[in-house]
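Position 303 of the sequence shown, counting from 1, maps to 303 under the UniProt record's numbering, and the rest follow consecutively.
Just so you know, the hints here were simulated from the structure itself, not pulled from any lab data.
We put the beta carbon where it would ideally sit given N, CA and C, even for glycine.
Each hint should be verified, as a subset may be incorrect.
Unchecked claim - Using C-beta positions, here's what the derived DEER-type ranges look like:
1) R120 / N35: 52 to 62 Å
2) S31 / T77: 28 to 38 Å
3) R227 / T144: 43 to 53 Å
4) G47 / V218: 31 to 41 Å
5) N35 / G314: 35 to 45 Å
6) L199 / C228: 28 to 38 Å
Unchecked claim - Under the rule of at most 16 Å between Cα atoms (straight-line distance), these lysine to aspartate or glutamate pairs were calculated in the EDC-like manner:
7) K286 / E319
8) K166 / D187
9) K166 / D94
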Amino acid sequence: MRRVIILGTGGTIASRIDHAKGHVAAAASGSELLNSLTERGFALPDGVRVEVEQFCNVGSFLFDLDLAFRLAQRAATLLAEPDVAGVVVTHGTDTMEESAYLADLVIDSEKPVVFTGAQRHADEPDADGPRNLADAIRVAASPTARGLGAVIVFASEIHGARDVTKLHTSRLGTFQSAEHGKLGDVDEGRVVVRQRPLLRRHFPVERVEPAVDLIRLVMGSDARFLRCALDSGARGIVLEAFGRGNGTPPVNELVREAVAGGVPVLVASRCPQGRVMPVYGAGGGKDLERAGAIFAGDLTGLKARILLAVLLGGPRERELADIVASAAG
Numbered sequence: 001m002r003r004v005i006i007l008g009t010g011g012t013i014a015s016r017i018d019h020a021k022g023h024v025a026a027a028a029s030g031s032e033l034l035n036s037l038t039e040r041g042f043a044l045p046d047g048v049r050v051e052v053e054q055f056c057n058v059g060s061f062l063f064d065l066d067l068a069f070r071l072a073q074r075a076a077t078l079l080a081e082p083d084v085a086g087v088v089v090t091h092g093t094d095t096m097e098e099s100a101y102l103a104d105l106v107i108d109s110e111k112p113v114v115f116t117g118a119q120r121h122a123d124e125p126d127a128d129g130p131r132n133l134a135d136a137i138r139v140a141a142s143p144t145a146r147g148l149g150a151v152i153v154f155a156s157e158i159h160g161a162r163d164v165t166k167l168h169t170s171r172l173g174t175f176q177s178a179e180h181g182k183l184g185d186v187d188e189g190r191v192v193v194r195q196r197p198l199l200r201r202h203f204p205v206e207r208v209e210p211a212v213d214l215i216r217l218v219m220g221s222d223a224r225f226l227r228c229a230l231d232s233g234a235r236g237i238v239l240e241a242f243g244r245g246n247g248t249p250p251v252n253e254l255v256r257e258a259v260a261g262g263v264p265v266l267v268a269s270r271c272p273q274g275r276v277m278p279v280y281g282a283g284g285g286k287d288l289e290r291a292g293a294i295f296a297g298d299l300t301g302l303k304a305r306i307l308l309a310v311l312l313g314g315p316r317e318r319e320l321a322d323i324v325a326s327a328a329g
């Protein structure tokens, strides 16, 4: 019999009301979440045994890169077992897209890793967690999902880890792959895949570099935050730059200093869609390129940071810019 393993990590899907403290916090175990499916009338796939392992139980705003990497390592170990069809990770939505993309980059398996969660906590009468979990289990068990890598299954949609973004603080259909679209759906229990990711890359690293900072440029940005990052020991920096990837003269000059000092700088855009390209001079993206910055295609700043943290965690056989280009498109 094929197995699907649920790795419980907490998040809203596992959160309950603590009346004594007056707040909501992760409390329910993965086993409780699985039992809730039967209580809500959701059936499990035929011929599949679902098992639960509690990895942690926290809100995903408490995740860091090390914890996300250890989660990916554990998922990889489970996927290596011959009778495991796939792994489901129940996870808070705040940083789910980051954990999913990290897993996509470091796990070398054709079997799916399916992240899911909820926007409404477990004590709400119309909690969305049970349906999301039931759908995620079906995707993890489906041969159709092989080769998709890490995905997020939410609101009956399947999204690839590279392109998905949380777009709304509370709406149930918060996860969208706005520019390139979802990979498929779970329709009345049937897993339907309509497209497959072409830019999946695997990097066999034994650690990730936590000291990678993300800095968003705003109107009138000087180089203070960039200087602070360098002075506090950043090993890599991602700039969320203007438009096509434009900076300001003070930022560009400090980027030159950072790169000369061995600190790579990636450029993403503040825009939610579109690629960065070194087009403009007079302080723009062309000057960032001349300063040594690497342009991160259409990756968001969050995803570019994850990619750089992974790449700095292991040896590289090619130039960093070439590797980034292969993953960023």
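Evaluated hints:
no.: 1; hint: R120 / N35: 52 to 62 Å; in the structure: 18 Å, violated
no.: 2; hint: S31 / T77: 28 to 38 Å; in the structure: 20 Å, violated
no.: 3; hint: R227 / T144: 43 to 53 Å; in the structure: 50 Å, holds
no.: 4; hint: G47 / V218: 31 to 41 Å; in the structure: 54 Å, violated
no.: 5; hint: N35 / G314: 35 to 45 Å; in the structure: 40 Å, holds
no.: 6; hint: L199 / C228: 28 to 38 Å; in the structure: 33 Å, holds
no.: 7; hint: K286 / E319; in the structure: 20 Å, violated
no.: 8; hint: K166 / D187; in the structure: 22 Å, violated
no.: 9; hint: K166 / D94; in the structure: 8 Å, holds
Comparing the model with each numbered hint stated earlier shows that hints 1, 2, 4, 7, 8 do not hold.
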